[in-house]
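Residue 1 is where the first sequence starts when you use my numbering, and the numbers rise one by one after that.
Be careful, since some hints might not be right.
Here are the computed lysine to any residue pairs in the SDA-like style, where the Cα-Cα straight-line distance is at most 25 Å [what the hints assert, rightly or not]:
id, residue 1, residue 2
1, 175, 248
2, 132, 173
3, 122, 205
4, 268, 284
5, 297, 240
6, 175, 279
7, 269, 212
8, 217, 237
9, 248, 221
10, 273, 299
11, 188, 126
12, 169, 281
13, 238, 207
14, 122, 133
15, 241, 293
16, 169, 67
17, 217, 267
18, 193, 116
19, 169, 115
20, 169, 157
21, 268, 303
22, 248, 177
23, 217, 298
24, 290, 276
25, 297, 275
26, 196, 154
27, 248, 200
28, 169, 116
29, 169, 187
Computed Cβ-Cβ distance ranges for the label pairs, DEER-style [to be verified]:
id, residue 1, residue 2, range
30, 216, 300, 25 to 31 Å
31, 297, 132, 43 to 49 Å
32, 155, 100, 26 to 32 Å
33, 133, 154, 21 to 27 Å
34, 116, 282, 41 to 47 Å
35, 225, 111, 55 to 61 Å
36, 116, 226, 48 to 54 Å
37, 112, 242, 50 to 56 Å
38, 247, 133, 25 to 31 Å
Think of the hints as simulated: they come from the structure by calculation, not from any bench.
For every residue, glycine included, the Cβ atom is placed at its ideal position computed from N, Cα and C.
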Amino acid sequence: MISTINRHARVCPECGNPKVSHNKEKGEIICIDCGLVLEEKMVDFDKEWREFDSNDTSQRRSGAPMTYTQEDRGLGTQVGVKSDLSKFDRRTKQKFYRFRKWQSRVASGLEHNLREALAEIKRISSNLNLPKVVEEEAARIYTLAAQRGLVRGRSLEEVAAGAIYISCKINEIPKTLNEISDVSGIIKNEIIKNSKFVARELNLKVLPINPVNYINKFASYLELSPKTQTKAVQIIHKAQKEGMTSGKSPRGIAASSLYAACLICGEKKTQSKIAEITGVTEVTIRNSFKEMADKLKLRKEVEKGSKIFKQTKETKKKAVTA
DNA sequence: ACACGTAGAGAACTGGT
DNA sequence: ACCAGCACTCTACGTGT
Numbered sequence: 001m002i003s004t005i006n007r008h009a010r011v012c013p014e015c016g017n018p019k020v021s022h023n024k025e026k027g028e029i030i031c032i033d034c035g036l037v038l039e040e041k042m043v044d045f046d047k048e049w050r051e052f053d054s055n056d057t058s059q060r061r062s063g064a065p066m067t068y069t070q071e072d073r074g075l076g077t078q079v080g081v082k083s084d085l086s087k088f089d090r091r092t093k094q095k096f097y098r099f100r101k102w103q104s105r106v107a108s109g110l111e112h113n114l115r116e117a118l119a120e121i122k123r124i125s126s127n128l129n130l131p132k133v134v135e136e137e138a139a140r141i142y143t144l145a146a147q148r149g150l151v152r153g154r155s156l157e158e159v160a161a162g163a164i165y166i167s168c169k170i171n172e173i174p175k176t177l178n179e180i181s182d183v184s185g186i187i188k189n190e191i192i193k194n195s196k197f198v199a200r201e202l203n204l205k206v207l208p209i210n211p212v213n214y215i216n217k218f219a220s221y222l223e224l225s226p227k228t229q230t231k232a233v234q235i236i237h238k239a240q241k242e243g244m245t246s247g248k249s250p251r252g253i254a255a256s257s258l259y260a261a262c263l264i265c266g267e268k269k270t271q272s273k274i275a276e277i278t279g280v281t282e283v284t285i286r287n288s289f290k291e292m293a294d295k296l297k298l299r300k301e302v303e304k305g306s307k308i309f310k311q312t313k314e315t316k317k318k319a320v321t322a
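Make a model of the complete structure from these sequences and hints.
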């Protein structure tokens with residue numbers, strides 16, 4: 001989890017330097033070149049020195065896990081609410097009320113902003129039924145943006161919606177701008193504008209997914225042989241070399257390459273079956289396959305595969321009738 | 001049932017003004 | 001900031017095998 005959510009923050013957005021220094025005492029990650037603080041208020045994940053159980057010699061940490069979905073990352077202390085104070089006498093209660101008042105007063109502008117924005121991110125995520133990891137990533141992106149002063153002069157709701165959009169893309173969650181716009185109440189253009197701005201300033205690379213990553217999963221659902229899988233990967237590599245994959249849906253590329261590989265290896269699966277598993281339509285598979293077959297000269301291989309498929313089908317038939 | 005083709009519409013992005 | 005244009009994908013058909 002930690003490695004996932006921190007993976008985008010290791011290159012300095014200011015000078016592009018990948019060399020960063022981790023100052024554990026201050027809980028900061030700093031660029032060695034320009035000194036820019038990339039991340040602050042980090043948590044030390046080293047061993048806990050205390051022991052709470054004499055029988056247990058292993059050293060443990062305690063408390064709830066750290067989360068970016070709270071402005072203090074779930075690590076802060078909150079002075080109790082009224083119900084917690086019921087057991088105290090009047091004087092003690094008044095003391096705690098004063099503490100609470102001061103706690104809210106001393107909270108910085110950034111903390112107030114984060115509290116509002118993270119609540120908004122939580123609300124949008126919940127309405128869109130987004131996985132926890134997407135909410136966490138969006139919260140992390142917003143927190144970094146706020147720490148770098150990118151929210152200043154912008155509406156926090158707009159930046160929050162932008163963070164959600166980036167997070168969905170990073171985590172491969174197919175949510176459309178319209179859906180995010182409907183739930184957040186922010187117009188599409190503003191979401192695009194803010195997500196681009198934040199991604200650029202934080203040096204977040206929202207790269208398209210490599211279609212090869214899908215092959216194993218889809219092939220397993222389709223119960224394809226390792227030979228067909230390898231062929232599909234080869235086809236994708238060829239297509240990538242020919243520059244056929246840019247701008248296209250990686251799922252579509254994976255689907256059509258699997259379809260082609262099935263035909264070539266004589267392991268026929270229908271377009272509708274592959275479409276069902278891969279989550280793209282038959283039309284997308286057809287169009288993409290047609291382009292691949294033409295540009296990568298797969299026609300001959302496909303014909304050969306079809307012959308093998310027919311032969312094996314006939315021998316199976318004969319075996320059954322015999 | 002499956003493969004293939006087409007039309008029209010929508011979503012997302014890009015570039016020009 | 002706005003808009004037009006573009007490439008891509010989708011739905012919804014019809015047709016052929």
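Structure-based check of all given hints:
no. : hint                   : in the structure
1   : 175 to 248             : holds (17 Å)
2   : 132 to 173             : holds (12 Å)
3   : 122 to 205             : holds (23 Å)
4   : 268 to 284             : holds (18 Å)
5   : 297 to 240             : holds (14 Å)
6   : 175 to 279             : holds (14 Å)
7   : 269 to 212             : holds (19 Å)
8   : 217 to 237             : holds (18 Å)
9   : 248 to 221             : holds (23 Å)
10  : 273 to 299             : holds (22 Å)
11  : 188 to 126             : holds (19 Å)
12  : 169 to 281             : holds (20 Å)
13  : 238 to 207             : holds (20 Å)
14  : 122 to 133             : holds (12 Å)
15  : 241 to 293             : holds (15 Å)
16  : 169 to 67              : holds (20 Å)
17  : 217 to 267             : holds (17 Å)
18  : 193 to 116             : holds (21 Å)
19  : 169 to 115             : holds (24 Å)
20  : 169 to 157             : holds (19 Å)
21  : 268 to 303             : holds (12 Å)
22  : 248 to 177             : holds (18 Å)
23  : 217 to 298             : holds (24 Å)
24  : 290 to 276             : holds (19 Å)
25  : 297 to 275             : holds (23 Å)
26  : 196 to 154             : holds (14 Å)
27  : 248 to 200             : holds (22 Å)
28  : 169 to 116             : holds (23 Å)
29  : 169 to 187             : holds (18 Å)
30  : 216 to 300: 25 to 31 Å : holds (27 Å)
31  : 297 to 132: 43 to 49 Å : holds (46 Å)
32  : 155 to 100: 26 to 32 Å : holds (29 Å)
33  : 133 to 154: 21 to 27 Å : holds (25 Å)
34  : 116 to 282: 41 to 47 Å : holds (46 Å)
35  : 225 to 111: 55 to 61 Å : holds (57 Å)
36  : 116 to 226: 48 to 54 Å : holds (52 Å)
37  : 112 to 242: 50 to 56 Å : holds (53 Å)
38  : 247 to 133: 25 to 31 Å : holds (27 Å)
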